[in-house]
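Engineer: Respectively, the protein sequence lines represent chains A and B. Note that this note's numbering has the first sequence beginning at 1, numbered continuously upward. Note that this note's numbering has the second sequence beginning at 473, numbered continuously upward.
Take these hints with a grain of salt, some might be off.
What the hints assert, rightly or not - In the DSS-like style, the derived pairs of lysine-lysine whose C-alpha atoms are separated by at most 25 Å in a straight line are: (1) A/K313 with B/K784; (2) A/K312 with B/K785; (3) B/K561 with A/K72; (4) B/K784 with A/K57; (5) B/K587 with A/K17; (6) B/K489 with A/K115; (7) B/K546 with B/K674; (8) A/K53 with B/K774.
In case anyone wonders, no lab produced these hints; they're calculated from the structure.
Protein chains: 2
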Amino acid sequence: MPKKKNLSEWFTQVCLKTELADYAPVRGCMVIRPAGFALWEKIRDFLDQEFKKLGVKNAYFPIFIPESFLLKEKEHIEGFAPQCAWVEKGGDEELEERLALRPTSEAIICSMFAKWVMSYRDLPVLINQWANVVRWEKTTRLFLRTTEFLWQEGHTLHRTEEEAEEFALKILEVYNRLFNEVLAIPVLSGKKPESEKFAGAKTTYTLEALMPDGQALQCATSHNLGQNFSRAFGIRFLDFDNQEKFPFGTSWGVSTRVIGALVMTHGDDQGLILPPRVCGTKVVIVPILTKETRLNENLLVKGREISENLGKKGISSHFDERTEFSPGWKFNEWEMRGVPLRIEIGERELKNKEITLVERTKGKRETIKEGELDKILSILEKIQDHLFQCAKHFLEERTTQATTLEEFKRMLYERPGFIKVNWCGELSCETQIKEVTKTTPRLLPLDFSQSTGRCINCLKEARFVVYYARAY
Amino acid sequence: MPKKKNLSEWFTQVCLKTELADYAPVRGCMVIRPAGFALWEKIRDFLDQEFKKLGVKNAYFPIFIPESFLLKEKEHIEGFAPQCAWVEKGGDEELEERLALRPTSEAIICSMFAKWVMSYRDLPVLINQWANVVRWEKTTRLFLRTTEFLWQEGHTLHRTEEEAEEFALKILEVYNRLFNEVLAIPVLSGKKPESEKFAGAKTTYTLEALMPDGQALQCATSHNLGQNFSRAFGIRFLDFDNQEKFPFGTSWGVSTRVIGALVMTHGDDQGLILPPRVCGTKVVIVPILTKETRLNENLLVKGREISENLGKKGISSHFDERTEFSPGWKFNEWEMRGVPLRIEIGERELKNKEITLVERTKGKRETIKEGELDKILSILEKIQDHLFQCAKHFLEERTTQATTLEEFKRMLYERPGFIKVNWCGELSCETQIKEVTKTTPRLLPLDFSQSTGRCINCLKEARFVVYYARAY
Numbered sequence: 001m002p003k004k005k006n007l008s009e010w011f012t013q014v015c016l017k018t019e020l021a022d023y024a025p026v027r028g029c030m031v032i033r034p035a036g037f038a039l040w041e042k043i044r045d046f047l048d049q050e051f052k053k054l055g056v057k058n059a060y061f062p063i064f065i066p067e068s069f070l071l072k073e074k075e076h077i078e079g080f081a082p083q084c085a086w087v088e089k090g091g092d093e094e095l096e097e098r099l100a101l102r103p104t105s106e107a108i109i110c111s112m113f114a115k116w117v118m119s120y121r122d123l124p125v126l127i128n129q130w131a132n133v134v135r136w137e138k139t140t141r142l143f144l145r146t147t148e149f150l151w152q153e154g155h156t157l158h159r160t161e162e163e164a165e166e167f168a169l170k171i172l173e174v175y176n177r178l179f180n181e182v183l184a185i186p187v188l189s190g191k192k193p194e195s196e197k198f199a200g201a202k203t204t205y206t207l208e209a210l211m212p213d214g215q216a217l218q219c220a221t222s223h224n225l226g227q228n229f230s231r232a233f234g235i236r237f238l239d240f241d242n243q244e245k246f247p248f249g250t251s252w253g254v255s256t257r258v259i260g261a262l263v264m265t266h267g268d269d270q271g272l273i274l275p276p277r278v279c280g281t282k283v284v285i286v287p288i289l290t291k292e293t294r295l296n297e298n299l300l301v302k303g304r305e306i307s308e309n310l311g312k313k314g315i316s317s318h319f320d321e322r323t324e325f326s327p328g329w330k331f332n333e334w335e336m337r338g339v340p341l342r343i344e345i346g347e348r349e350l351k352n353k354e355i356t357l358v359e360r361t362k363g364k365r366e367t368i369k370e371g372e373l374d375k376i377l378s379i380l381e382k383i384q385d386h387l388f389q390c391a392k393h394f395l396e397e398r399t400t401q402a403t404t405l406e407e408f409k410r411m412l413y414e415r416p417g418f419i420k421v422n423w424c425g426e427l428s429c430e431t432q433i434k435e436v437t438k439t440t441p442r443l444l445p446l447d448f449s450q451s452t453g454r455c456i457n458c459l460k461e462a463r464f465v466v467y468y469a470r471a472y
Numbered sequence: 473m474p475k476k477k478n479l480s481e482w483f484t485q486v487c488l489k490t491e492l493a494d495y496a497p498v499r500g501c502m503v504i505r506p507a508g509f510a511l512w513e514k515i516r517d518f519l520d521q522e523f524k525k526l527g528v529k530n531a532y533f534p535i536f537i538p539e540s541f542l543l544k545e546k547e548h549i550e551g552f553a554p555q556c557a558w559v560e561k562g563g564d565e566e567l568e569e570r571l572a573l574r575p576t577s578e579a580i581i582c583s584m585f586a587k588w589v590m591s592y593r594d595l596p597v598l599i600n601q602w603a604n605v606v607r608w609e610k611t612t613r614l615f616l617r618t619t620e621f622l623w624q625e626g627h628t629l630h631r632t633e634e635e636a637e638e639f640a641l642k643i644l645e646v647y648n649r650l651f652n653e654v655l656a657i658p659v660l661s662g663k664k665p666e667s668e669k670f671a672g673a674k675t676t677y678t679l680e681a682l683m684p685d686g687q688a689l690q691c692a693t694s695h696n697l698g699q700n701f702s703r704a705f706g707i708r709f710l711d712f713d714n715q716e717k718f719p720f721g722t723s724w725g726v727s728t729r730v731i732g733a734l735v736m737t738h739g740d741d742q743g744l745i746l747p748p749r750v751c752g753t754k755v756v757i758v759p760i761l762t763k764e765t766r767l768n769e770n771l772l773v774k775g776r777e778i779s780e781n782l783g784k785k786g787i788s789s790h791f792d793e794r795t796e797f798s799p800g801w802k803f804n805e806w807e808m809r810g811v812p813l814r815i816e817i818g819e820r821e822l823k824n825k826e827i828t829l830v831e832r833t834k835g836k837r838e839t840i841k842e843g844e845l846d847k848i849l850s851i852l853e854k855i856q857d858h859l860f861q862c863a864k865h866f867l868e869e870r871t872t873q874a875t876t877l878e879e880f881k882r883m884l885y886e887r888p889g890f891i892k893v894n895w896c897g898e899l900s901c902e903t904q905i906k907e908v909t910k911t912t913p914r915l916l917p918l919d920f921s922q923s924t925g926r927c928i929n930c931l932k933e934a935r936f937v938v939y940y941a942r943a944y
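Please work from the sequences and hints to get the whole structure.
Structural biologist: Structure below.
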């Protein structure tokens, strides 16, 4: 499967062949198979733990949102109505009001917040839910864009604007750590321009990764909702000063889409490559059973012993004892499935009390003593770091600055990636840049380093730096 | 809130006041609030771990089931069609085939199994999903019966009938342990009569608890599906002997309904009582701050220290430092919320290096030395056991045998509960017993002790023992 030749086809084949996912017999829907779901469990466990450290609690709200609720926040309904699936009939009963399947849950959650929040003592409200969402998409792709997907959506309310802003950024930092530390995917972090904000948000913060074809992939967003939803849903609290006020909200989410980013970022022509920290089975142990030694009891005993010893050190491994497949067949199989490290044990290793290690990433072979299993921990960490550095190198190499639209287009053609430009801040310029380059503005970097140059389009004094890219 | 006077009203008030749940603004739907969801997380964690020990893996299948799929298994569609919610429109598009929101997922999962299973080497398939399901119910109640609820549903395929049967019973045993060991809810374990089986199953195993009003509550089911679904969906595998065969299936589930059983079984007039093993905060620490000592720094320091020391012993606790509420107010609050053990520390305790313990269940007070925190572990275990024994005593007391229908009706009136009867096995008798007594047959006990008596209805020789009850 050549990754460079046709990334899209490579991606689909890897997802299907490694059994991460399969097409469901419903338009635009997928099945997340156990190998794929195990990745989601790792992502979920990391985030859930981090959210809880911030005081966030899990809850569950209905999947059904009455149409009238969606209509309460004007921008929100405009953004989501075209993508809603509608239930108009339950059992034999025609419903009085049709119900949307949640495309996101601000509307239903804020209607409950209005009931629960009375005083400043009830704030902050810090709630998250792990749920399925439905967005009726025209074109779909495994993981990256499906009619139904899984995500977490956090929804909070705060007494002050500053606190809400701070919380939205705290969450962005949790997401940032997920990508950097767990998934080994470097991301750009920034703010969406007005035109690309979440429908109903005051500010949308985003993390964007760069896929191998130079297209950006939005990986996570965290929204400062200001008072938009609390006004729309009548959420009021009595403050210290005995005044009734509207609290300030945030919402934020990460979805199963990131599994797509993981596959695309690290995989190669052999198949998947999984960073150790997101991988259930970090080590596969393959006994070198030749035709003559298929029943070599000593190798089987040794394999099980190594697997057990790794377990004691907290390294999950799988000992592939199957006799119906050759060692070579197993090597290919586990390489395709992306297990980061392979242990080989044969007659020679047995005799010398050694094991041979083979890294998935670089194919590097190394022999260590049986008693040195501890070394594997640091090797796994090195693999994790190596994957991150490779992706980081690519991101940096593909992030370039353009000062004219001609240069922009040439760069995009020669080395597609993020193109950094100066921008005056006018929507008309933004629109023109988009149209001429067929890209979208992905983000304004968070440090807001005031641009000192001129707008790439109108040549007037620039106020912002913007990263453009083609995007998934 | 008097529990005995009106159980139904008591139950609703406890769920709402302790913030386990709230009514959603969608007919028949509820919101599971953080306090309620924390209970579900404990249940989920226990089950998920036990399933994984059996080799079960998690996956995720779409919520949408095309109508034609539901139609493939005749009994299945008859059982579920009247309860389905239907999506007929997505975005602006009228769908060619309407989609049911899953009331259960056999149909969609078996359609995928047909694609994945080829040979005996692919068996067994052991899959579970944690998901929301939708059943359009006419009358609904918090937790016990809602239009949408959360559950896990396991779906497996096996090479032989014996293996499937064995697996269905293994899962029943996992469920049994959840109820006995975690939730402290004693259950009767047995087989559903033919008339009460899951739509499409060969055998349905069930666990039934008895609520304080003497009504049975079905808590968990595990189905041996035989070859019904594999035939309906064309799941075939090539066996050892080179013959194409249909595998044998099971499916099994537990839902958020059990939180309702938990509330009803243990609660009292003061509110919730949570068994320690299902409770996030097992101990609440209340400083006895009098009006004079509201700012007693020593008490606050001590409280935090105790909480930290409990944490080191793996006992999660909450130190209620709030100064705006009196100790008495806090006692009531935490009793209502069901925290099993309270620690009080006041001036006297501080001086004597002691702490006072108060049990939620019996109000028993005890003073121990600060250095004896270990004792709390065994006290919590005793509370857990006490709750189980109380419920078990009730279940046994309310399980009685009747030999005539007159006696049956009298018992049901005097001491509603499970009524054990002998039955000839004829559907006509079953129907008559149901109609005359206004109960349903809940289960046939698993030991199948052949009845030696006569059928309670026709007086012919009995073949089975059946437990009848009114049920939720």
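Engineer: Each hint needs a verdict: does it hold in this structure or not?
Structural biologist: How the hints compare with the structure:
no., hint, result
1, A/K313 with B/K784, "22 Å, holds"
2, A/K312 with B/K785, "23 Å, holds"
3, B/K561 with A/K72, "22 Å, holds"
4, B/K784 with A/K57, "22 Å, holds"
5, B/K587 with A/K17, "13 Å, holds"
6, B/K489 with A/K115, "13 Å, holds"
7, B/K546 with B/K674, "13 Å, holds"
8, A/K53 with B/K774, "23 Å, holds"
In summary, this structure violates none of the numbered hints.
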